[in-house]
Structures are given as C-alpha cells and as structure tokens.
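Novice: Okay, here's what each chain looks like letter by letter:
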Amino acid sequence: MRLKCPLCGERDRREFYYVGDAIALDRPTPDAGDVAWDDYIHNRDNLAGVTRDLWYHESGCSAWLVVTRNTVTHEVLSTALASDVKRGAAK
Amino acid sequence: MRFSGLRVIKEGLSGNKGWTPHWRNPEPKSEYDAIIIGGGGHGLSTAYYLAKNHGMTNIAVLEKGYIGGGNVGRNTTIVRANYFLPGNSEFYSHSLKLWEGLEKDLNYNVMHSQRGQIALFHSDGQRDAAVRRGNAIRNQGDDVELLSREDVQRLLPYLDYEQARFPIYGGLLQKRAGTARHDAVAWGYARGADQRGVDIIQNCEVTGIDIENGAVKGVQTTRGAICAKKVGIVVAGRSGQVAALAGMRLPIESHVLQAFVTEGLKPCIDHVVSFGMGHFYISQSDKGGLVFGGDLDFYASYAARGNLPMVEHVMEAGMTLMPMIGKAKLLRSWGGIMDMTPDGSPIIDKTDTKGLFIDCGWCYGGFKAVPGSGYSFAHLMATDTHHESAAKFRLDRFRTGVGLMDEEGTGAQHNLH
Numbered sequence: 001m002r003l004k005c006p007l008c009g010e011r012d013r014r015e016f017y018y019v020g021d022a023i024a025l026d027r028p029t030p031d032a033g034d035v036a037w038d039d040y041i042h043n044r045d046n047l048a049g050v051t052r053d054l055w056y057h058e059s060g061c062s063a064w065l066v067v068t069r070n071t072v073t074h075e076v077l078s079t080a081l082a083s084d085v086k087r088g089a090a091k
Numbered sequence: 001m002r003f004s005g006l007r008v009i010k011e012g013l014s015g016n017k018g019w020t021p022h023w024r025n026p027e028p029k030s031e032y033d034a035i036i037i038g039g040g041g042h043g044l045s046t047a048y049y050l051a052k053n054h055g056m057t058n059i060a061v062l063e064k065g066y067i068g069g070g071n072v073g074r075n076t077t078i079v080r081a082n083y084f085l086p087g088n089s090e091f092y093s094h095s096l097k098l099w100e101g102l103e104k105d106l107n108y109n110v111m112h113s114q115r116g117q118i119a120l121f122h123s124d125g126q127r128d129a130a131v132r133r134g135n136a137i138r139n140q141g142d143d144v145e146l147l148s149r150e151d152v153q154r155l156l157p158y159l160d161y162e163q164a165r166f167p168i169y170g171g172l173l174q175k176r177a178g179t180a181r182h183d184a185v186a187w188g189y190a191r192g193a194d195q196r197g198v199d200i201i202q203n204c205e206v207t208g209i210d211i212e213n214g215a216v217k218g219v220q221t222t223r224g225a226i227c228a229k230k231v232g233i234v235v236a237g238r239s240g241q242v243a244a245l246a247g248m249r250l251p252i253e254s255h256v257l258q259a260f261v262t263e264g265l266k267p268c269i270d271h272v273v274s275f276g277m278g279h280f281y282i283s284q285s286d287k288g289g290l291v292f293g294g295d296l297d298f299y300a301s302y303a304a305r306g307n308l309p310m311v312e313h314v315m316e317a318g319m320t321l322m323p324m325i326g327k328a329k330l331l332r333s334w335g336g337i338m339d340m341t342p343d344g345s346p347i348i349d350k351t352d353t354k355g356l357f358i359d360c361g362w363c364y365g366g367f368k369a370v371p372g373s374g375y376s377f378a379h380l381m382a383t384d385t386h387h388e389s390a391a392k393f394r395l396d397r398f399r400t401g402v403g404l405m406d407e408e409g410t411g412a413q414h415n416l417h
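Quick mapping for you: the protein sequence lines, in order, are chains A and B.
Oh and the first sequence: position 83 is 83 in full-length UniProt numbering, straight run, nothing missing.
Oh and the second sequence: position 405 is 405 in full-length UniProt numbering, straight run, nothing missing.
No lab work stands behind these hints, which were simulated from the structure alone.
Each residue gets a CB set at the ideal place from its N, CA and C atoms; glycine is no exception.
There's no promise every hint is true.
To be verified - Over 10 Å on every C-beta distance to chain A, these chain B residues come out as not near it, computed from the model:
(1) 3
(2) 24
(3) 66
(4) 100
(5) 241
(6) 244
(7) 245
(8) 249
(9) 252
(10) 264
(11) 268
(12) 277
(13) 288
(14) 300
(15) 386
(16) 399
To be verified - Partial pick of chain B residues on the chain A-facing surface, computed with a CB cut under 8 Å:
(17) 203
(18) 207
(19) 254
(20) 298
(21) 309
(22) 398
(23) 407
(24) 410
(25) 411
(26) 414
To be verified - Distance windows between CB atoms, simulated:
(27) B:249 x A:14: 29 to 35 Å
(28) B:352 x A:31: 39 to 45 Å
(29) A:25 x B:145: 27 to 33 Å
(30) A:56 x B:105: 46 to 52 Å
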C-alpha cells in the first residue's frame, strides 16, 4: 500500500502511522455527555467498503492526513490534509 | 454414527464405505426457538451447548459461507489460559478445562495437543512482569512455571542465545497450553450440534434483523425470512455489519492479521513459542509445517490479506529469534479479519433489543475461546443471566469506564492492541 501525501507525494505505507476513523475530526464538546463521548472514542461504523481514516506522516512531513480508502480492496481513493478537511467542514 | 478405534478398523477392512456425512444439510424452517447468526467456531459451540446444557434443540445456525471457511479455519490454532486480569483470567481458565474434555464430549478427534507454550522474556523488568503474571495464573488455579535461561536453552536449543538486542533471560511455561486442529473443532461442534437436532444452514446470509416494539422477531436471509424470539450474533470480523442491521454501532474496528506456514519439515519445534518483543509466535503443525504469525497490519481492513511491510517484519522477527527458520521455504500466507475492541477483550452480552444477544470482540485470540465462549453465550441466551466465567465481558464497560480489561496496559483506545 502506498499513500499520496499532499505535501511529499506518493510514499511507502511504512512512513505512515494509522490513527483510525476520521471521526477524530468531530470531537464532541466536553459536556456532551457519556453517550456522545462513547460514540466518539469507542463506537465505529466499521464499514466494509469506502472509509475515511486519519493517518500521520510520521517518517515524513508530520502532516495529518484524511485518507479515503476501500477496506475491502485496499484501494486508496484520495488523500487530503486533515487541516484542510477540518477547515472545509467548518465553513 | 459414533467414532471409535474398533470402527476405524472395521471401516478400514470393508473399504471405508460405512462413513456418513457429519451433519445434515436441512432447508431452513420458518420458525425456530433461537437463531445463531454465524457458523464459525463460536457460533457452532453456542448451538452445541444450547442443545446439550439447556435442552434447546429447535435452533438454527445460519452461516453465510460454509462450515470451517471463516476465521475458525484461518487461525494459528493456539490454546492457552495465561491471562492476567480478572474477567479474562477466569474465562480462559474455564475454556481450557472445556478443551481438556472436548474430544470425549464431542466423540471427535480435534487433535488437542498440550505441548506447552513458552513466552520468552528479555530483561530483568520483563522477568518481574512474567513472575507477576505467573502468580496471577496460579491464583486462578492454572499451571505455569518460570524458566531460567538455562531451562529455556535445554527445551529450545535452536534459539539464538547470542543476540544482543533481545537476550533471552528466561520464559514462562504453561504445560497445559498447546494447539488443536482448527477445522476439526468446527466439524466436531457442527456434528455434535446436528446430532442433537440443531439445523446447520450454510450459504444463508442474514440480510436483515426484524425488530418490533424493542423485541427481536426474527431475521431476513438470502433463503427467506425466519422467525425466532432469540437471536445471537456471533460473526467475528463482520460484527459491525450484522449489528448495523439491528441499528447498533459497536466498539469494534475490523483489522487484518496475517499468518504464515512453511513447507512440511521433520519435527523440530516441540512447543508453542512466543517472542513478544518481536511480535512473533510459532508452532509446528502435525503435518510438519511451521505455523507462525505476528502483529496486526494496523489499519482497518476486510481484505483478508495483508501488506508486505508486516510480512517483512514477521520474517525479521523469526530470523532474530531462530535463525534456522531461514532455511525453510514459506508455503502460504493469509489474512483473517479480527474484530478488535478498544481494550483488547471480548464482549458477551445482551443488547438494548429484547431477545438479541451478541458475542464478539475476540480480537486475535478467538480460537482458544471457542468452547468457553459458546458455553457462556449459550448460558446467557438460554437463561438471560451471565455465566460466572464470562460475567465481566460487558458491552457498556466502554461507556462507563468501569470494568475495562486492558491486558497490555496501553489504554482502552482503538489501534493500541
């Protein structure tokens, strides 16, 4: 598997650390309650198909990426800087 | 049909014409007392113990593929009971006791071999941790012995005792641990359940779970609708999808774990050897192949195959531990889909829907749990109360933070186990 870092170009999977579902971009407010926080920290859609996860370019530029990827075929569909995705979502 | 030595001889002398299929291939009925979704090891053992211990024989096991085609036929077959934390400790202890009586119970040769498992340690600190774990295992009533470096050298002369990075300080030996023939476990439980009247229905995928007024009514399948007031979901890596049919989101992320087997060799590895520092473990099958594996690939996947970086890592770990392995030719590698929970421990519990139960989250350790999981899940489905050996595998522990069982002490968070 190779991932295309928007800053560094296409790089080997070993340069990246997988963090998990991109739900981490939607952190609940501190007083959102235990159900919301349980959903955020533990519960997952866990889709067999196209998912969005967060990867950290640990051995590269240290950027956080949102990777859109197929969990059945391992095909990588697109990558974007997490900061851009977050900014786009805020607009 | 009962198996016995006499029967084998008789069949051998008469052309092996008297053997019959191990289970029927029935059409699904329109209604059962209980339905088990998933005909893997855990689902089949659940059906077996529902019939045997609780007299529930009007039940069906629905399997999307074929019996033995999922994780029960794709694992590295290790059976042990060397857990540290309360919750896990009593469960695996119970499961190992069931293993020890399994072949007689099922009248089926599952080739359970208590050849012993040795978990190596490589520093003073690790030795202290091993002693502590060993004491916990003994407190639970199971066997374990602390081995010195010399003890390990006598038992495992083929390890590299000269390497500087992970010098071998000793090991923790559980003699009652070992391996079993994984397919035979599935077949034995399927046969035992079938003999007690359970319908095992293959090529039957569940496509919907019918719920009315908060209670389960039955399931929709590729072979028609089937009614039941009790439904158990036991589908390992596919737990997320099946639970979604009932509107649930689970604390589970499905990951790929790879395993490897070499060409058949003469007997050379007599035990199960775990090299935790290299995320590597190995045993030798009765056919002679060296069966070994490592860690997860560490990204969510349903592909049932892994990537090359982890293959390289596992081979490096193997070469570090036992350089002789470099002479063996790798025959096959494959991947299984692991239902990973945040704390690395399983779930056997009721759900918010009346009559709907779930057994999942076995991470990469489900094989040894097959008897214990089925036994306690059957108890829960039949009596609506938790079996004492599995009382702590609760679904709500993640929300409340009470009763988390994080054996590795890395935190109850995805991607850390």
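Novice: Look at each hint and say if it fits the structure.
Specialist: Cross-check of the supplied hints:
no.: 1; hint: 3; verdict: holds (39 Å)
no.: 2; hint: 24; verdict: holds (31 Å)
no.: 3; hint: 66; verdict: holds (19 Å)
no.: 4; hint: 100; verdict: holds (35 Å)
no.: 5; hint: 241; verdict: violated (6 Å)
no.: 6; hint: 244; verdict: violated (8 Å)
no.: 7; hint: 245; verdict: holds (13 Å)
no.: 8; hint: 249; verdict: violated (4 Å)
no.: 9; hint: 252; verdict: violated (6 Å)
no.: 10; hint: 264; verdict: holds (31 Å)
no.: 11; hint: 268; verdict: holds (32 Å)
no.: 12; hint: 277; verdict: holds (19 Å)
no.: 13; hint: 288; verdict: holds (32 Å)
no.: 14; hint: 300; verdict: violated (5 Å)
no.: 15; hint: 386; verdict: holds (21 Å)
no.: 16; hint: 399; verdict: violated (4 Å)
no.: 17; hint: 203; verdict: violated (19 Å)
no.: 18; hint: 207; verdict: violated (14 Å)
no.: 19; hint: 254; verdict: holds (6 Å)
no.: 20; hint: 298; verdict: holds (5 Å)
no.: 21; hint: 309; verdict: holds (5 Å)
no.: 22; hint: 398; verdict: holds (4 Å)
no.: 23; hint: 407; verdict: violated (17 Å)
no.: 24; hint: 410; verdict: violated (14 Å)
no.: 25; hint: 411; verdict: violated (10 Å)
no.: 26; hint: 414; verdict: holds (5 Å)
no.: 27; hint: B:249 x A:14: 29 to 35 Å; verdict: holds (31 Å)
no.: 28; hint: B:352 x A:31: 39 to 45 Å; verdict: violated (24 Å)
no.: 29; hint: A:25 x B:145: 27 to 33 Å; verdict: violated (50 Å)
no.: 30; hint: A:56 x B:105: 46 to 52 Å; verdict: holds (49 Å)
Figure legend: structure checked against the earlier numbered hints; hints not met, in rising order: 5, 6, 8, 9, 14, 16, 17, 18, 23, 24, 25, 28, 29.
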